[in-house]
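S.K.: The primary structure of each chain is shown beneath.
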Amino acid sequence: MAPGPLSPVQEANAPTAGPDSVPGMTGAPAIETGIDTAISTHDLRRTFGDFEAVAGIDLSIPTGEIYGFLGPNGAGKSTTVKILCTLLTPTSGRAVVAGHDVSSDPDGVRLRIGAALQDAAIDPKLTGRELLWLQGRYYGLRRAEIESRMDDVLRLVDIGDAIDRRSGTYSGGMRRRLDLACALVHNPQVLFLDEPTTGLDPVSRARVWDEVRRLNSDLGMTIFLTTQYLEEADELADRVGIISEGKIVAEGPPDELKRGIGSDVIIARVVGGLGVARDAVADLPGVDHVGTKGDELTISVEDGAATLSPVAVALNGCGVRVIDLTLRTPTLDDVFLELTGGHIRGGEE
Amino acid sequence: MTTTTGAVAVPTVRARHAGFVHDVVSVARRALKLIPRDVEGVLPALVVPVFFFAVNLGSLSEVATQAMPGINFKSFQLPVAIVFAVTGISRASTLVIDIKDGYFDRMLMTPVNRFALLLGLMVADFALVICLSIPVLIMGFLVGADFETGLPGIVVFLLFTGLWGVVFTGFPYAIALKTGSPAAVNASFIMFFPFAFLTTSFLPKELLTPWLATIATYNPVTYLLAALRSLLIVGWDWTALAEGLAAVLAVGVVSMTLAFTALRGRVKRGG
Chain A
1 MAPGPLSPVQ EANAPTAGPD SVPGMTGAPA IETGIDTAIS THDLRRTFGD FEAVAGIDLS
61 IPTGEIYGFL GPNGAGKSTT VKILCTLLTP TSGRAVVAGH DVSSDPDGVR LRIGAALQDA
121 AIDPKLTGRE LLWLQGRYYG LRRAEIESRM DDVLRLVDIG DAIDRRSGTY SGGMRRRLDL
181 ACALVHNPQV LFLDEPTTGL DPVSRARVWD EVRRLNSDLG MTIFLTTQYL EEADELADRV
241 GIISEGKIVA EGPPDELKRG IGSDVIIARV VGGLGVARDA VADLPGVDHV GTKGDELTIS
301 VEDGAATLSP VAVALNGCGV RVIDLTLRTP TLDDVFLELT GGHIRGGEE
Chain B
1 MTTTTGAVAV PTVRARHAGF VHDVVSVARR ALKLIPRDVE GVLPALVVPV FFFAVNLGSL
61 SEVATQAMPG INFKSFQLPV AIVFAVTGIS RASTLVIDIK DGYFDRMLMT PVNRFALLLG
121 LMVADFALVI CLSIPVLIMG FLVGADFETG LPGIVVFLLF TGLWGVVFTG FPYAIALKTG
181 SPAAVNASFI MFFPFAFLTT SFLPKELLTP WLATIATYNP VTYLLAALRS LLIVGWDWTA
241 LAEGLAAVLA VGVVSMTLAF TALRGRVKRG G
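Those protein sequence lines, which keep their order, are chains A and B.
Residue numbers are given in this note's numbering: position 162 of the first sequence equals residue 162, and the series is strictly consecutive.
Residue numbers are given in this note's numbering: position 45 of the second sequence equals residue 45, and the series is strictly consecutive.
The following block holds chain B by itself, in its conformation from the complex (with noise of 0.2 Å):
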């Protein structure tokens, strides 16, 4: 779109607003093409899912059979591989290059809606949480495991994982975010594990010790375990999910808070 005046080819483009879903959606694009030229970000998500429901299932299988009559172990134990798989991925790692290399002063100096720079991310992080939950999934039913709801429940479990993927997200930007350091990113790691071990990971509430069950009552990943679970093992359980979800969504409120004051508290001292 260039008109002539002479020699000198004048150009009329003239930049604009894109609005909040396009800005979204290119910030998306862009971390999703990044993510098969990261491969080695993304494997360890599935190496450790994969190891911990092969050790699981072959040093707890008998004892839990035991323990748990008439419930698949199998089918107990996916959720777990999935919560694992999902937990924690985030294009965080890639925010705080983006910061250190200038590429996020970029785009603040575009106008790009500030929001939509971590949104686009998230939306990227779901993607990303789907795709890895499929493997694992066909897994779980390769080895054994099934679903009493059937393809519904398929579909509200991988959008379950998805959300909790995306929820646990905000942890990691809110360290990027805020001190744009690659060695706290990595280290927020640390906190998957009280998430994922002081729950109901490997045995029903009622099979834990005292102390670790009084945590686990507190811990959301427990009603995470538990809507997945019923979604598995028990059939429609509304109670559980709701449950579930609740939990996800509290999670979420602290997590989205402290992922986008940080963003805020980045965007107004500049990147």
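Just chain A, same shape as in the assembly (with noise of 0.2 Å):
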């Protein structure tokens, strides 16, 4: 769901605090806190060591929408989201989630948030209902409250009669549902959802995408979800931040960020001379940009049906043997390619 009026839900969480009003922050960096903003940071920053793991990173992420925070393993994503979780403090920086700044009032951040994090943090010795029940305990509510809110999750998540077994007979996708399950029993505001598909299989998969644009249609959840999955985050992000060494390198609507590096891509593999290759295609007519990686030259073009015999024109002239030539439109790999030289996914095409 695209941020667009606030619904119900939104209006009944909506934080009282308005822009930079953050309690005990005197003199702290200006940041978006109203209403209208779920999630905002100001050069974020956490190093472990020597080693900075996010490195600066801005964020205003507008209440109801999906956000996804796209990059390699390593990239800083989990960390960011740690933060935003109240589960790591900020080395400097700020972040306020939900009108509530993570270093100064981490209480008034739990309260409104849920999170799934990378591993389904589940008991395998309770079953999915007694975990259900706990989690609602944990957050404060009322035996009927949770009673209410477990009908309202299971229909959601739809494990079925399997709540009633102990969670580690379950599958890795149920785990992964009860999992967000527990993140959602109190009803939050914002959703954190670090990589909620990797491991699962293709048809799990596409039932928590299918949960997650549910929870943003339906209850105008604002949801914040990492992943390494380029498809994932061109399927189901309103806007795609690109991460790579803890700075986000890109930021957009994924549709955006892919035209913004030609309309086409034309894959080309070759054996022997890959500079010269290059060189070759680099000034044909229509050619935006070309990026080089292992064997493989990724060549941006405004129009790929017209340039692609140019380009197998010039390759074959130019003293190269090419194993594959393939058009395509750009996925957001490219983009990651274009910015940073590099793959999201290693191996990944």
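These are computed hints drawn from the structure, not numbers from a lab.
A few chain B residues facing chain A, derived, Cβ under 7 Å:
#1 V13
#2 A15
#3 R16
#4 H17
#5 L34
#6 R37
#7 Y103
#8 D105
#9 L108
#10 M109
#11 T110
List of simulated lysine-lysine pairs, DSS-like, C-alpha gap at most 27 Å:
#12 B:K178 x B:K33
#13 B:K33 x A:K125
#14 B:K268 x A:K247
#15 A:K125 x B:K178
As the structure is a prediction and not an experimental result, all values here were calculated from the model.
Just so you know, even glycine gets a beta-carbon here, dropped at the ideal spot from N, CA and C.
Combine the two chains into a complex, taking the hints into account.
M.R.: Structure (structure tokens):
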């Protein structure tokens, strides 16, 4: 759901703080904290010894948006999520979630967020129902409230009769869905999903995607989603932030980011003289940009159909052997490649 | 508790702080619920003291009766069996699994009071320690141990052992929170040996060799055993009870400081 007018839930849950009115932060840098902003950060940093995992991130995520945080392993995604979920304190900078500063008012944040982190955090010796019940108690819900919410979230995540089985017997997909249910039982304003589909089969992945869409469209929940799957960010996110080495290198709606590198992409796998091949195609009419990685040329072009033949001819004429020549529309990985020179997922094309 | 707007059910449930006692109860209830599902973790605590009680009575009874005329050696040994049963019993291994599995992180992301995360486990430990003490106590009665202080003495005895059990849990919890390592938590059992054996477990201090008697003087378990034995053998010996309580509390100050400092460190750096 693209950001728009507030849903009833958003209005009910709206933070009371106005812009830059976080208590206890006098003199702190200006940061958006109004009811239209679910998450905002300013120059957020986190170091571990000499290693800077998060290196100055600025975010402004409107209420009701699905924000995809995309990057390779080790880029700083999970560290950022842990800071926003109050599990880690930032080394410097500010982060405000649902109107509450993660450093000066972590409890205010905790009351308003739900999170399903990378590994499903559920106790295998408890049943799904017991876990949900406990989760409700941790958030101070009364018996009737827990029962009501349990019905709601179980309808949403569809665990079926397995809810009364010990969660240790669940499949990977069911564990993820129960983890998501635990994150939702207290009806959070902002939901953090850290690589929610990593390790899941395609069917389970599609179910999680459906659930994420429903949460956003039906309840207006703001969702911060980290992923290393390009198609996941493409499918779900209203906007994507691409992170590399702790910094956001690009941000915007997926289509806009992809359009930024050209209408089409020609991928050429060649043997011998990658530099020669690059020079041979770089100046062809209609070619916007040429990137190289391994034995591949990634050629961004305005009109793929019109440029494919000239590219093939140019490569043929420069003495390299062409193994593959593929025409496709750009992906977010192409955006990442253009900006950083690397792929988001190792080996992924 | 939902209201409906069109086709979409809009939940009006709001998270709130439940309060410290509620948080402690929630954490303790989970820990207690898990105990019957983790019988293999509790069973040794019953088998080991029964084994030692039987062996000690069988091997030392005659010698001890000669060395300590007029003292019921079964009553003398019963506190040892109880201390063996309850020392080191904790949910620390569960805590380590929670840390490893990410469940501890999940709890840290809730508004649950941080101290309640540990105190709740200790409340569950207290209940477990009392439960473990009762069958060992019954076994003692069956073989001929008796209480000079009667039923009130039994209650005080159980409270003492419960308090000692909880106080000692501070060490494995500190190790669990500091290291997050199951192996380290299991190794913490080693701490049990100097506490349990370099003391008056088998004979009174007067009959120990000088070096062991010196160590026993500084071992808090010596005073715990003296207090427990006084309830069985002597009657209401307020000096022994006060010294026993002081010794347990002294260990508690150290162990709880270590445990809650480790908790603070773990919370600070993230689960």
